[in-house]
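Protein chains: 4
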Amino acid sequence: MFRLTCKTYGASRHILHPQISSRRAFGATAVAMDYASIPTPASCYADFCLIPIGTNTVSVAEEIAQVQRVLKASGLKYTMHSAGTTVEGNWEEVMTVIGKAHSAVHEKGVVRVQSSMRVGSRTDKKQTAEDKVKRVEDLLGADTK
Amino acid sequence: MFRLTCKTYGASRHILHPQISSRRAFGATAVAMDYASIPTPASCYADFCLIPIGTNTVSVAEEIAQVQRVLKASGLKYTMHSAGTTVEGNWEEVMTVIGKAHSAVHEKGVVRVQSSMRVGSRTDKKQTAEDKVKRVEDLLGADTK
Amino acid sequence: MFRLTCKTYGASRHILHPQISSRRAFGATAVAMDYASIPTPASCYADFCLIPIGTNTVSVAEEIAQVQRVLKASGLKYTMHSAGTTVEGNWEEVMTVIGKAHSAVHEKGVVRVQSSMRVGSRTDKKQTAEDKVKRVEDLLGADTK
Amino acid sequence: MFRLTCKTYGASRHILHPQISSRRAFGATAVAMDYASIPTPASCYADFCLIPIGTNTVSVAEEIAQVQRVLKASGLKYTMHSAGTTVEGNWEEVMTVIGKAHSAVHEKGVVRVQSSMRVGSRTDKKQTAEDKVKRVEDLLGADTK
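Top line first, the protein sequences correspond to chains A, B, C and D.
Take the first sequence: its letters are residues 73 to 217, numbered as in this note's numbering.
Take the second sequence: its letters are residues 73 to 217, numbered as in this note's numbering.
Take the third sequence: its letters are residues 73 to 217, numbered as in this note's numbering.
Take the fourth sequence: its letters are residues 73 to 217, numbered as in this note's numbering.
Simulated from the structure, these hints should not be mistaken for lab results.
Treat the numbers as computed from the prediction; the structure is a model and nothing was measured.
Some hints could be false.
Estimated spans, in silico, between C-beta atoms of each pair [to be verified]: (1) C:Ala214 - D:Ala108: 44 to 50 Å; (2) B:Ala108 - D:Asp106: 53 to 59 Å; (3) A:Asp196 - C:Ser109: 51 to 57 Å; (4) D:Lys198 - A:Ala114: 35 to 41 Å.
Just so it is clear, CB atoms sit at the ideal spot from N, CA and C, and this is done for glycine as well.
Work the whole structure out from these sequences, hints included.
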């Protein structure tokens, strides 16, 4: 048996001076990192599955319906499937609606909520959920010709 | 072969009137949902694993190091392990630092970035990463007595 | 700054005697755990998103098409959506097809592959992907009546 | 509002003839896919977080302790952290232990169990959990010199 040490960093250090000075940052020249100036992605998608914990019933349909109501109220584009919901928009909007979904389920008396998420961003082009499915189907369609 | 229809909702509808009026919402009395007034959780944790896509190299260590620099600059508490990093704070702070991590990796020339995340929130008490590990270890410790 | 210790357990111990004897296991009476006799779930679903790492191109459609070919060849029931694919069957079948999907992508020259998965099992009833979507839609349908 | 059609494939087709003949598979020459002959990866890691659903209590520590007992009994190498556990081995061993963990939690009376997983495989070299953390820390260590 042996131990692996994980490092945990606290909130008490360096906060006034968040710049990182390095001679070699990411295989490149030294850069100072100015945290406040880093943007969040202008567009992204998130596919998430929210689970209520500690409810007295095995069904999660009530909570998922509540999540769908929050998504509808957000005005964002979203798609529900059997293992989650995919929502598209800019990073802040998308993360905010998922946070509000957590809160709306908490508000119904669920003390603990966990979500599993896949989040993607890209800088080259906008690609919708439909585009992605279509590209794969086109490739598969060519198989059988 | 059959088809399952998923519903996708667009951004064009009901945006001016996001309230949901229902006689039965979540097994309870009718409520109107006022989207703007729903908060995001005051505290949460997110465990995430960021993957750069389309880089020419099999190693992801440079990108993960960049993510760690962003986390350090945030001032939030975080722990790196071999399959991801856990970060703690309020919802907005936590989601913002992960979005900035995406952007900081994009900035280094990576066109596409995907993260897998687990996010948890609870309303009963604050429980740190260390608390959670300790509770399980205490239970396991009792096994061998 | 402080350190959180994670425990890593090696492969060198106790292998000949995997039984766990405890006076209190899971709030109950003492049990010996006979690893070999524990079954894997008779049915489950897995929703997964496979990502090739270190390819020279930002598109993953070729790899996802290859994954779909493996799924088709498996004979299992599956549904592709824009952020992953859901496959249903018994635990061993489902995990095997995902492992074969990894290998089929490796075989095309992709050195590193990572999947994000959600896996669910339940012992009370069989519930298909369609059943789950329908239950939520029925609840939402009641909202507008 | 519009609809996105997802395709679901049933178990009734082609099972006796799982070969896929295509003139263009994955940008290459035609191949017949012989499902039975595709191996699963010889080594992989899986980081997973198991959640019991429908328990009457907000704590999941009892269930996580049970998962750790199953992992210990497996003889595989594993590391618990605050947001999951990472286990290493060949594909079949790793997926089997996670399936047995589901069953061991079901056996304690939990009707529904869901896991979020990240699974990685690579064909170029073996890289342990410790190697991965060390590579990133070495890069970060160079920052401050």
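A quick look at each hint next to the structure:
1. C:Ala214 - D:Ala108: 44 to 50 Å: 47 Å, holds
2. B:Ala108 - D:Asp106: 53 to 59 Å: 57 Å, holds
3. A:Asp196 - C:Ser109: 51 to 57 Å: Distance hint for aspartate 196 of chain A, serine 109 of chain C holds at roughly 52 Å.
4. D:Lys198 - A:Ala114: 35 to 41 Å: Holds: the Cβ-Cβ distance is about 39 Å, inside 35 to 41 Å.
Checked against the numbered hints above, the structure breaks none of them.
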